[in-house]
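Protein chains: 2
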Amino acid sequence: MEEKIIEIKDLLHAKRFSELKEYLKEINSVDISSFFEELKGEEIIIMYRLLDKEKAAEVFTELDSDIQEKLIKVLTDKELKDVVNELYLDDAVDIIEEMPSNVVKRILKHIEPEDRKTINKLLKYPEDTAGSMMTTEFIDLKENMTVEEALAKIKKIGVDSETVYNCYVLSATRKIVGVITLEKLLLSNLDTKISDIMDQSIIKISTTEDQENVANMFDKYDEYALPVVDKEDRLVGIITVDDALDILKEEQEEDFEKMAAILPSEDPYLKTSVFTHIKNRIGWLLILMLSATITGTILAKYEAAFEAVPLLVSFIPMVMGTAGNSGQQTSTIVIRALATGEITLKDWLKVLWKEIRVGTLVGLVLFVVNIVRIYIQYQDIQMALVLGLTLIFTVIVSKSIGCLLPILVKKIKKDPAVVAAPLLTTVIDLCAIVIYFQIATSILTGIKGV
Amino acid sequence: MEEKIIEIKDLLHAKRFSELKEYLKEINSVDISSFFEELKGEEIIIMYRLLDKEKAAEVFTELDSDIQEKLIKVLTDKELKDVVNELYLDDAVDIIEEMPSNVVKRILKHIEPEDRKTINKLLKYPEDTAGSMMTTEFIDLKENMTVEEALAKIKKIGVDSETVYNCYVLSATRKIVGVITLEKLLLSNLDTKISDIMDQSIIKISTTEDQENVANMFDKYDEYALPVVDKEDRLVGIITVDDALDILKEEQEEDFEKMAAILPSEDPYLKTSVFTHIKNRIGWLLILMLSATITGTILAKYEAAFEAVPLLVSFIPMVMGTAGNSGQQTSTIVIRALATGEITLKDWLKVLWKEIRVGTLVGLVLFVVNIVRIYIQYQDIQMALVLGLTLIFTVIVSKSIGCLLPILVKKIKKDPAVVAAPLLTTVIDLCAIVIYFQIATSILTGIKGV
Numbered sequence: 037m038e039e040k041i042i043e044i045k046d047l048l049h050a051k052r053f054s055e056l057k058e059y060l061k062e063i064n065s066v067d068i069s070s071f072f073e074e075l076k077g078e079e080i081i082i083m084y085r086l087l088d089k090e091k092a093a094e095v096f097t098e099l100d101s102d103i104q105e106k107l108i109k110v111l112t113d114k115e116l117k118d119v120v121n122e123l124y125l126d127d128a129v130d131i132i133e134e135m136p137s138n139v140v141k142r143i144l145k146h147i148e149p150e151d152r153k154t155i156n157k158l159l160k161y162p163e164d165t166a167g168s169m170m171t172t173e174f175i176d177l178k179e180n181m182t183v184e185e186a187l188a189k190i191k192k193i194g195v196d197s198e199t200v201y202n203c204y205v206l207s208a209t210r211k212i213v214g215v216i217t218l219e220k221l222l223l224s225n226l227d228t229k230i231s232d233i234m235d236q237s238i239i240k241i242s243t244t245e246d247q248e249n250v251a252n253m254f255d256k257y258d259e260y261a262l263p264v265v266d267k268e269d270r271l272v273g274i275i276t277v278d279d280a281l282d283i284l285k286e287e288q289e290e291d292f293e294k295m296a297a298i299l300p301s302e303d304p305y306l307k308t309s310v311f312t313h314i315k316n317r318i319g320w321l322l323i324l325m326l327s328a329t330i331t332g333t334i335l336a337k338y339e340a341a342f343e344a345v346p347l348l349v350s351f352i353p354m355v356m357g358t359a360g361n362s363g364q365q366t367s368t369i370v371i372r373a374l375a376t377g378e379i380t381l382k383d384w385l386k387v388l389w390k391e392i393r394v395g396t397l398v399g400l401v402l403f404v405v406n407i408v409r410i411y412i413q414y415q416d417i418q419m420a421l422v423l424g425l426t427l428i429f430t431v432i433v434s435k436s437i438g439c440l441l442p443i444l445v446k447k448i449k450k451d452p453a454v455v456a457a458p459l460l461t462t463v464i465d466l467c468a469i470v471i472y473f474q475i476a477t478s479i480l481t482g483i484k485g486v
Numbered sequence: 037m038e039e040k041i042i043e044i045k046d047l048l049h050a051k052r053f054s055e056l057k058e059y060l061k062e063i064n065s066v067d068i069s070s071f072f073e074e075l076k077g078e079e080i081i082i083m084y085r086l087l088d089k090e091k092a093a094e095v096f097t098e099l100d101s102d103i104q105e106k107l108i109k110v111l112t113d114k115e116l117k118d119v120v121n122e123l124y125l126d127d128a129v130d131i132i133e134e135m136p137s138n139v140v141k142r143i144l145k146h147i148e149p150e151d152r153k154t155i156n157k158l159l160k161y162p163e164d165t166a167g168s169m170m171t172t173e174f175i176d177l178k179e180n181m182t183v184e185e186a187l188a189k190i191k192k193i194g195v196d197s198e199t200v201y202n203c204y205v206l207s208a209t210r211k212i213v214g215v216i217t218l219e220k221l222l223l224s225n226l227d228t229k230i231s232d233i234m235d236q237s238i239i240k241i242s243t244t245e246d247q248e249n250v251a252n253m254f255d256k257y258d259e260y261a262l263p264v265v266d267k268e269d270r271l272v273g274i275i276t277v278d279d280a281l282d283i284l285k286e287e288q289e290e291d292f293e294k295m296a297a298i299l300p301s302e303d304p305y306l307k308t309s310v311f312t313h314i315k316n317r318i319g320w321l322l323i324l325m326l327s328a329t330i331t332g333t334i335l336a337k338y339e340a341a342f343e344a345v346p347l348l349v350s351f352i353p354m355v356m357g358t359a360g361n362s363g364q365q366t367s368t369i370v371i372r373a374l375a376t377g378e379i380t381l382k383d384w385l386k387v388l389w390k391e392i393r394v395g396t397l398v399g400l401v402l403f404v405v406n407i408v409r410i411y412i413q414y415q416d417i418q419m420a421l422v423l424g425l426t427l428i429f430t431v432i433v434s435k436s437i438g439c440l441l442p443i444l445v446k447k448i449k450k451d452p453a454v455v456a457a458p459l460l461t462t463v464i465d466l467c468a469i470v471i472y473f474q475i476a477t478s479i480l481t482g483i484k485g486v
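Taken in order, these protein sequences are the chains called A and B. Numbering of the first sequence is given in our numbering, commencing with residue 37 and proceeding in unit increments. Numbering of the second sequence is given in our numbering, commencing with residue 37 and proceeding in unit increments.
Please note that the accuracy of each hint is not assured.
All copies of an identical chain are treated as equivalent in the list; a pair is satisfied when it fits inside any one copy or across any two copies.
Taking lysine-lysine pairs in the DSSO-like style, the calculated list, with each CA pair at most 27 Å apart, reads [unchecked claim]: (1) K40 with K240; (2) K106 with K220; (3) K220 with K76; (4) K57 with K114; (5) K157 with K141; (6) K61 with K229; (7) K382 with K160; (8) K450 with K285; (9) K141 with K382; (10) K192 with K229; (11) K390 with K285; (12) K153 with K117; (13) K256 with K211; (14) K61 with K109.
No wet-lab data here; the hints were simulated from the structure.
The shape of chain A in the complex, shown without the other chains:
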């Protein structure tokens, strides 16, 4: 790949345009589009004009929106008309959503009136729903068609369809009565009736379905395309698997950010301004900082204890750290298991019981390791016992909170990743401190309790 980019650069700078034009034929549209990032000024339009019409539209779709904007400004009316009418409507909608309004006006002016109506309809669907992902360019067939008639229709309208591989058999009221793949059509006799070979186990998506659910359905059903229906169950569009893949990655990255107490960002890291980064992170940071003061206030009540035995203070990081880590291990696993459907709300007791057992045994291991360690380092058997018992109890409590909190949050219909992961540290820190000092004041002779 690197060599190809160097080759393109050399040809471009040497102005060997006809060689470059030939060379570009062997390079994938996606790779060509990522190369555009490195072009400056006039190079962009020169490069673009070396591509044939079909490839130009493919490359255009893959470009970052700021480069698309630059390009639109310098394209002639005919060139703009060519590329926008080559686009599939869902791609056109995606592009339009990123453009400033004067550019949108110019684009729409050059789109065929029929398509313009459809695009405006698609733009109305709420963002992040199936309606906003779909395209209306699909192949619909009738039940009483023969395979021969179906293939003829596909040949006629296929060039405008996002995909010809899944065809939808519709009733008179445009409800889906069956699905048939191009593969099946090709491998059947020409006079077979569609109704005899179509698949009746249809998976449908409603226009209002959340995009994350749409992506999960593609993963579950292993389909290349799925139909989208409106409230009256009529076929209005299709979504193809490549769009679902993009959504899947997007949603996963959002989940990572939520679990680190960050508001999800729209753009890639380096393209996000310092100001936006701050905006995404300051909220939770403030909340968590202020809630840590509750832990601090509780800690202050045990002043008498750590004045009497200052050694107690030096173990605070280990106690809080271990509690935090074990709680986060559990909460991460449970939040992901809830998100992927591995566990449901009614499994809460099974999960809690599993975590209590894991916590007890893990706590016992830490207990033993710690007692040995502290005795070797300090020869203080009472302190060893305090820390050991603290660790067992905090680990059990942390893991219990770590699984119950996400489940509770999901029960009240909020997103566990957003609420639970950040709040968890605060709750667990609090419990860890209380458990620690209560055990300390009970066991260490001569310390006054709270």
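Could you slot chain B onto chain A? The hints should help.
Chain B in isolation, oriented as in the chain A frame:
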């Protein structure tokens, strides 16, 4: 969906098998297979025998491996032969990999000798590589074929191909010279030469490619299938997008677990034994606990300081918590950006500069909020200043470490998610404590330093 499951259950228990057989025709194979989880004993084989041959193989592929094993034990030799020969080879390989050896022997005995040879070859590829994901059932064409000849070949061998939608044009030495889609073949004139219309911008995967890279290539290139070539660049197999989707989800879940300091697990949460859960979590928990003792030892050196001003202790949770949270925000974003290719190693200076600026401004906000809060609560301007300055500096340092550590780990060719995320808390806690008490001993009059 719920109503369908209830309907199936009712029909099954009422032994209305012919109605059930008809009803099952309208239900997707994936949904039928998830229903098998709820069947017991004889019901499994009864249900299975109600499915037609094609659907039976589809359902079989989707079943959990323990149910597949139960089924294989009760299927007749003919039934077993039917289903295993209906399977695509990559699915057969996946199934065989999960079975105990006596079951594998029985399966292989009923597979056609040619396929058996291929399966054994596929089983030899290292797990998690393209070779272990691929199937050898693809359509290959010759350059000098016409569209008519190509379609004829597809009709002949198409039923055995994993996909007929992408066909590979091979040279005499079986190297790929072009790719052509079924769509293009269908929409072209019958006498057109393949070499005139084939796409020469071919994306290839090597058999040794890591499965995560394979999944990312599908996401990047929006293809339905990609060809796999051996060391001599010859076409040996294909991978389809549904397999890539599964891998993508699997890899993402692994990354979540790595970042929570857990060894990734193979099975769903509830199916993983308590013992396995412990094994996956105890490692890092021990390491982190022992490394927290370093922080504790440093903290002990400041004993004189917090003996003189006990209030300092109560702010330890807030200081460590804020440092930890800001560091984790940064490290999560940077680790994910490295994983998705948004940033590369050579961007390290840009990233550091961005994080320093974000850290400074975020730190300033926390500085102000905290000074106000502490002054209101304690009327102690010196303490307010100590905490304020501590927060600014720890946030800047945490965010710097948070971005540099993952990049450093990637530089030495280790996985940032595994190493950086857990280690980060330890390093940051240490820095936070040192910064805190150094500032405290400098500012608060009357405290002796370390």
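Status of each hint after checking the structure:
1. Taking identical chains as interchangeable, the C-alpha atoms of K40 and K240 lie at most 27 Å apart only when they sit on different chains, with a minimum of 15 Å there against 43 Å within one chain.
2. Taking the closest pair of Cα atoms, K106 and K220 never come within 27 Å of each other, the shortest separation being 44 Å inside a single copy and 32 Å across copies.
3. Proximity of K220 to K76 under the C-alpha cut-off of 27 Å is found in neither arrangement, the shortest distances being 48 Å within a copy and 35 Å between copies.
4. Within a single copy, K57 and K114 get their C-alpha atoms as close as 21 Å, which meets the 27 Å cut-off; across copies the closest is 58 Å, which misses it.
5. With identical chains, the CA atoms of K157 and K141 are at most 27 Å apart within one copy only, with a shortest distance of 16 Å there and 58 Å across copies.
6. For the identical chains of this complex, K61 and K229 are inter-copy neighbours only, at 18 Å across copies versus 41 Å inside a copy, given an alpha-carbon limit of 27 Å.
7. When the C-alpha separation of K382 and K160 is checked against a cutoff of 27 Å, the pair qualifies neither within a copy, at 37 Å, nor between copies, at 42 Å.
8. With identical chains, the CA atoms of K450 and K285 are at most 27 Å apart both within one copy (21 Å) and between copies (23 Å).
9. With identical chains, the CA atoms of K141 and K382 are never at most 27 Å apart, being 52 Å at best within one copy and 40 Å at best between copies.
10. Proximity of K192 and K229 under a CA criterion of 27 Å is satisfied in both settings, with 19 Å inside one chain copy and 21 Å between copies.
11. Only between protomers do K390 and K285 lie at most 27 Å apart by alpha-carbon distance; the minimum there is 25 Å, versus 31 Å within a single protomer.
12. Proximity of K153 to K117 under the C-alpha cut-off of 27 Å is restricted to the intra-copy arrangement: shortest distance 16 Å within a copy versus 54 Å between copies.
13. Only within a single protomer do K256 and K211 lie at most 27 Å apart by alpha-carbon distance; the minimum there is 23 Å, versus 34 Å between protomers.
14. For the homomeric pair K61 and K109, the shortest alpha-carbon distance inside one copy (25 Å) is at most 27 Å, but the shortest distance between copies (54 Å) is not.
Checked against the numbered hints given earlier, this structure breaks hints 2, 3, 7 and 9; the rest are met.
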